[in-house]
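Colleague: Working from the sequences, and respecting the hints, build out all of it.
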Amino acid sequence: MSFLKKLKDKFQSNQSKEEVSDKYKEGLSKTRKSFSEKINDLVAKYRKVDEDFFEDLEEVLIAADVGVSTVMDLIDDLKMEVKRRNISDSHEVKNVISEKLVEIYYGDDNEESVGLNLQDDALTVILFVGVNGVGKTTTIGKLAHQLKSEGKQVLLTAGDTFRAGAIEQLSEWGKRVDVEVIKHSEGSDPAAVIYDGIQAAKSRNADVLLCDTAGRLQNKVNLMNELSKVKRVIEREVPNAPHEVLLVLDATTGQNALSQAKTFSEATDVSGIVLTKLDGTAKGGIVLAIRNELGTPVKLVGLGEKVTDLQTFDPQAFVYGLFADMVDDEE
Amino acid sequence: MAFEGLADRLQNTIQKIKGKGKVTEQDVKEMTREVRLALLEADVNFKVVKDFIKNIKERAVGQEVMESLTPGQQVIKIVKEELTALMGGEESRIAAADRPPTVIMMVGLQGAGKTTTTGKLANLLRKKYNRKPLLVAADVYRPAAIDQLETLGKQLDMPVYSAGTDANPVDIANEALEKAKEEHLDYVLIDTAGRLHIDGDLMDELIQIKNNVSPDEIFLVVDAMTGQDAVNVAESFNEQLDVSGVVLTKLDGDTRGGAALSIKAVTDKPIKFAGMGEKLDQLEVFHPERMASRILGMGDVLSLIEKAQDNVDEKRAKELEEKMRSASFTFDDFLEQMGQVRNMGPLEDLLDMIPGANKMKGLKNVEFDEKQIAHVEAIIQSMTAQERQDPSLLNASRRKRIARGSGRSVSEVNRLIKQFDEMKKMMKQMTNMQQGKKGKKGKKSKGFQFPFL
Numbered sequence: 001m002s003f004l005k006k007l008k009d010k011f012q013s014n015q016s017k018e019e020v021s022d023k024y025k026e027g028l029s030k031t032r033k034s035f036s037e038k039i040n041d042l043v044a045k046y047r048k049v050d051e052d053f054f055e056d057l058e059e060v061l062i063a064a065d066v067g068v069s070t071v072m073d074l075i076d077d078l079k080m081e082v083k084r085r086n087i088s089d090s091h092e093v094k095n096v097i098s099e100k101l102v103e104i105y106y107g108d109d110n111e112e113s114v115g116l117n118l119q120d121d122a123l124t125v126i127l128f129v130g131v132n133g134v135g136k137t138t139t140i141g142k143l144a145h146q147l148k149s150e151g152k153q154v155l156l157t158a159g160d161t162f163r164a165g166a167i168e169q170l171s172e173w174g175k176r177v178d179v180e181v182i183k184h185s186e187g188s189d190p191a192a193v194i195y196d197g198i199q200a201a202k203s204r205n206a207d208v209l210l211c212d213t214a215g216r217l218q219n220k221v222n223l224m225n226e227l228s229k230v231k232r233v234i235e236r237e238v239p240n241a242p243h244e245v246l247l248v249l250d251a252t253t254g255q256n257a258l259s260q261a262k263t264f265s266e267a268t269d270v271s272g273i274v275l276t277k278l279d280g281t282a283k284g285g286i287v288l289a290i291r292n293e294l295g296t297p298v299k300l301v302g303l304g305e306k307v308t309d310l311q312t313f314d315p316q317a318f319v320y321g322l323f324a325d326m327v328d329d330e331e
Numbered sequence: 001m002a003f004e005g006l007a008d009r010l011q012n013t014i015q016k017i018k019g020k021g022k023v024t025e026q027d028v029k030e031m032t033r034e035v036r037l038a039l040l041e042a043d044v045n046f047k048v049v050k051d052f053i054k055n056i057k058e059r060a061v062g063q064e065v066m067e068s069l070t071p072g073q074q075v076i077k078i079v080k081e082e083l084t085a086l087m088g089g090e091e092s093r094i095a096a097a098d099r100p101p102t103v104i105m106m107v108g109l110q111g112a113g114k115t116t117t118t119g120k121l122a123n124l125l126r127k128k129y130n131r132k133p134l135l136v137a138a139d140v141y142r143p144a145a146i147d148q149l150e151t152l153g154k155q156l157d158m159p160v161y162s163a164g165t166d167a168n169p170v171d172i173a174n175e176a177l178e179k180a181k182e183e184h185l186d187y188v189l190i191d192t193a194g195r196l197h198i199d200g201d202l203m204d205e206l207i208q209i210k211n212n213v214s215p216d217e218i219f220l221v222v223d224a225m226t227g228q229d230a231v232n233v234a235e236s237f238n239e240q241l242d243v244s245g246v247v248l249t250k251l252d253g254d255t256r257g258g259a260a261l262s263i264k265a266v267t268d269k270p271i272k273f274a275g276m277g278e279k280l281d282q283l284e285v286f287h288p289e290r291m292a293s294r295i296l297g298m299g300d301v302l303s304l305i306e307k308a309q310d311n312v313d314e315k316r317a318k319e320l321e322e323k324m325r326s327a328s329f330t331f332d333d334f335l336e337q338m339g340q341v342r343n344m345g346p347l348e349d350l351l352d353m354i355p356g357a358n359k360m361k362g363l364k365n366v367e368f369d370e371k372q373i374a375h376v377e378a379i380i381q382s383m384t385a386q387e388r389q390d391p392s393l394l395n396a397s398r399r400k401r402i403a404r405g406s407g408r409s410v411s412e413v414n415r416l417i418k419q420f421d422e423m424k425k426m427m428k429q430m431t432n433m434q435q436g437k438k439g440k441k442g443k444k445s446k447g448f449q450f451p452f453l
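So the sequence lines, in the order shown, correspond to chains A and B.
The first sequence maps to residues 1 to 331 in the UniProt record's numbering.
The second sequence maps to residues 1 to 453 in the UniProt record's numbering.
To be clear, the hints were calculated from the coordinates, so they are not data collected in a lab.
Computed from a predicted model, the values in this text were never measured in an experiment.
Be aware that one or more of the hints could be misleading.
Said to hold, decoys possible - Mimicking BS3-like on lysine-lysine, the simulated pairs with C-alpha atoms at most 27 Å apart in a straight line are:
#: 1; chain 1: B; residue 1: K210; chain 2: A; residue 2: K45
#: 2; chain 1: B; residue 1: K132; chain 2: B; residue 2: K181
#: 3; chain 1: B; residue 1: K279; chain 2: A; residue 2: K79
#: 4; chain 1: B; residue 1: K54; chain 2: A; residue 2: K79
#: 5; chain 1: A; residue 1: K45; chain 2: B; residue 2: K371
#: 6; chain 1: A; residue 1: K229; chain 2: B; residue 2: K279
#: 7; chain 1: B; residue 1: K132; chain 2: B; residue 2: K210
#: 8; chain 1: A; residue 1: K100; chain 2: B; residue 2: K47
#: 9; chain 1: A; residue 1: K79; chain 2: B; residue 2: K210
#: 10; chain 1: B; residue 1: K371; chain 2: A; residue 2: K229
#: 11; chain 1: A; residue 1: K45; chain 2: B; residue 2: K54
#: 12; chain 1: A; residue 1: K220; chain 2: B; residue 2: K279
#: 13; chain 1: A; residue 1: K79; chain 2: B; residue 2: K47
#: 14; chain 1: B; residue 1: K279; chain 2: B; residue 2: K154
#: 15; chain 1: A; residue 1: K175; chain 2: B; residue 2: K371
#: 16; chain 1: B; residue 1: K279; chain 2: A; residue 2: K262
#: 17; chain 1: B; residue 1: K371; chain 2: A; residue 2: K220
Modeller: Right, here's the structure in full:
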């Protein structure tokens with residue numbers, strides 16, 4: 001039985017996830033198509049596995065925004081593997097490629113998908129950080145909806161006091177999903193807003209507090225310091241908080257995503273990543289790079305514009321969505 | 001600094017070749033490999049990289065290098081020329097319709113920075129070209145997008161046309177155009193909603209707006225951090241809308257911005273502006289050839305000079321020069337000069353533009369402390385008018401008073417006074433030198449110098 005078949009079986013045995021997988025299939029259709037199509041083209045083009053084949057493979061992977069160093073490592077691994085198993089037919093190597101890719105997705109041992117760290121009977125504080133325009137506020141809106149429909153009492157804090165209209169944007173989301181928003185006026189101190197948010201959450205006995213922050217480029221030291229301050233305020237006011245610091249990443253971002261993840265982690269101890277805008281043509285490659293080079297888990301993915309299009313990141317479903325074409329070919 | 005990584009990497013590579021008297025084929029191969037990796041890491045599209053490398057290899061291995069006297073430099077020249085060609089030729093201007101108003105449409109993916117850029121562009125049109133723009137809020141989908149543009153309009157004190165979130169964007173565009181004609185506004189900037197290039201319905205909406213208002217410019221707004229996908233996005237928008245130019249945003253981040261290189265190469269549309277910061281005046285005309293120099297770490301002197309011309313009052317500069325010459329430069333003048341340099345923008349940005357500055361020991365990665373300047377200002381401002389005119393008055397007790405007044409330590413005050421004295425001495429020497437030359441060349445010195453750089 002081929003590896004992909006195993007993957008599929010493994011996946012299908014878990015019937016409850018069927019619905020999720022459809023969402024992934026739909027959301028990732030573009031990603032999957034271009035990516036596995038290229039791998040298939042590649043396999044069709046080369047009968048033999050040689051240097052040229054690997055060079056082309058390298059290009060396919062780089063075009064998918066998998067980081068350069070990740071690709072180089074992967075290619076080296078593949079070459080070794082091909083030699084070891086004595087593979088010369090390009091069709092056989094296809095399996096090895098998927099195997100290796102999956103290995104990176106899963107990491108070494110944890111096959112479990114990592115959910116959000118939500119407290120059962122205490123206040124959970126989640127801080128959202130990221131560069132400008134990645135979709136922080138939208139993600140908060142979507143997550144608020146999700147948590148609320150699970151019966152949690154949610155509170156939002158408008159910590160983006162800088163960008164024009166940001167507070168209104170979060171307020172609008174608050175109205176849509178019927179959740180209260182704590183806000184100050186534009187230009188006020190974000191740490192102060194968050195402080196008020198925490199006090200309000202305590203007095204209202206809220207379950208989850210979602211803290212928005214202004215988008216900032218990671219090389220602006222002053223702004224990153226401001227973010228550290230916000231985090232310090234949360235740490236001081238709620239023990240063990242923030243329970244999650246989520247870095248929101250735009251899936252269309254290239255190699256800079258790594259720099260973002262590194263720098264934001266330094267300032268705020270990022271605990272997870274939200275990968276947004278995955279419904280475009282941008283490839284999932286960035287996920288490979290992030291998991292390989294930083295080990296930070298992806299916790300949520302944005303697969304569309306609808307309120308319900310925010311999904312828990314499920315590596316199995318993700319991989320299945322990415323390789324579905326290839327699995328179907330096998331049958 | 002934008003493209004820093006690329007510049008560093010290329011510089012390292014080139015440094016290896018620079019020292020050699022002769023460039024072998026093997027050297028070229030090694031170099032192109034490094035260049036290739038650097039470009040790929042910088043998010044330049046892999047197809048573009050391929051062509052680029054091919055061109056360099058052909059030119060570098062060929063006669064050109066072998067016969068030239070300094071082969072290393074010859075290679076650098078080739079890389080630079082090819083890079084400049086890749087970035088696109090001349091800088092391009094913004095269109096103006098024969099019969100106003102000129103209509104500009106802003107399009108792009110979600111979160112690229114369309115609304116902010118719309119505000120910045122309006123500001124630039126007014127400041128630089130003396131135009132009266134109308135901002136049009138045609139993003140009816142994202143919550144509070146209209147509020148955002150209206151807030152920007154308020155900040156800029158400019159008219160904004162909006163019709164709520166229930167209106168059809170096509171109607172909004174039409175009505176806004178009428179309004180602009182009525183009120184004799186000569187530019188109409190339409191801020192559209194962000195959308196995916198593969199979203200058929202929303203792309204149709206853009207095409208409809210385009211057909212209705214026949215814009216003179218369609219700007220595709222692209223995030224400079226975009227990866228390999230930038231090419232797909234740009235190609236797709238261009239095919240459907242025939243965009244007239246590209247605006248790169250968030251270029252003040254540490255992204256290597258390779259996407260910028262490839263967009264031009266693949267779509268053949270010029271990059272017209274670049275967003276360099278969060279403030280509304282931080283939109284700059286994009287200069288491809290200057291950017292190429294910057295990539296190679298050759299500095300961007302032209303931009304620096306332009307900045308200086310924009311912000312330094314020429315008459316005041318002349319007066320200062322006169323004072324330097326006669327050595328009657330006082331703390332007051334010092335304060336003023338500092339103010340003028342500060343007007344030009346953050347010091348870090350200025351340093352980036354000076355050739356070789358990023359290689360200067362100690363300057364690299366130093367975070368320029370703007371506070372330091374504030375401290376100097378505070379110290380000078382704590383002096384009496386007399387003391388500023390005549391620093392020799394500053395005895396120990398006066399220095400103590402100044403330290404208290406400015407909240408700095410006495411040793412800091414002492415250091416500043418010492419530095420000021422030394423600067424004055426240096427100025428004297430420099431002016432002497434210039435006067436010596438003056439007779440021969442008759443060339444006037446530049447109006448200002450940086451005393452504290």
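Colleague: Now look at each hint and say whether the structure bears it out.
Modeller: Status of the hints after comparison with the structure:
1. B:K210 with A:K45: The given pair, whose Cα atoms are some 42 Å apart, is violated under the 27 Å limit.
2. B:K132 with B:K181: Status holds; Cα separation ~12 Å.
3. B:K279 with A:K79: 50 Å, violated
4. B:K54 with A:K79: Answer holds: K54 (chain B) to K79 (chain A) is near 26 Å, not above 27 Å.
5. A:K45 with B:K371: Roughly 61 Å between the alpha carbons, so the hint for K45 (chain A) and K371 (chain B) is violated.
6. A:K229 with B:K279: Within the cut-off at roughly 22 Å; holds.
7. B:K132 with B:K210: Within the cut-off at roughly 22 Å; holds.
8. A:K100 with B:K47: The hint holds at about 25 Å.
9. A:K79 with B:K210: Violated, because 51 Å separates the two Cα atoms, which is more than 27 Å.
10. B:K371 with A:K229: Holds. K371 (chain B) to K229 (chain A) sits at ~19 Å (cutoff 27 Å).
11. A:K45 with B:K54: 23 Å, holds
12. A:K220 with B:K279: Holds: K220 (chain A) and K279 (chain B) sit about 13 Å apart, inside 27 Å.
13. A:K79 with B:K47: 24 Å, holds
14. B:K279 with B:K154: 14 Å, holds
15. A:K175 with B:K371: Given that 27 Å is the threshold and the Cα spacing comes to 42 Å, the pair is violated.
16. B:K279 with A:K262: 26 Å, holds
17. B:K371 with A:K220: 15 Å, holds
In this structure, the hints that do not hold are numbers 1, 3, 5, 9 and 15, in rising order.
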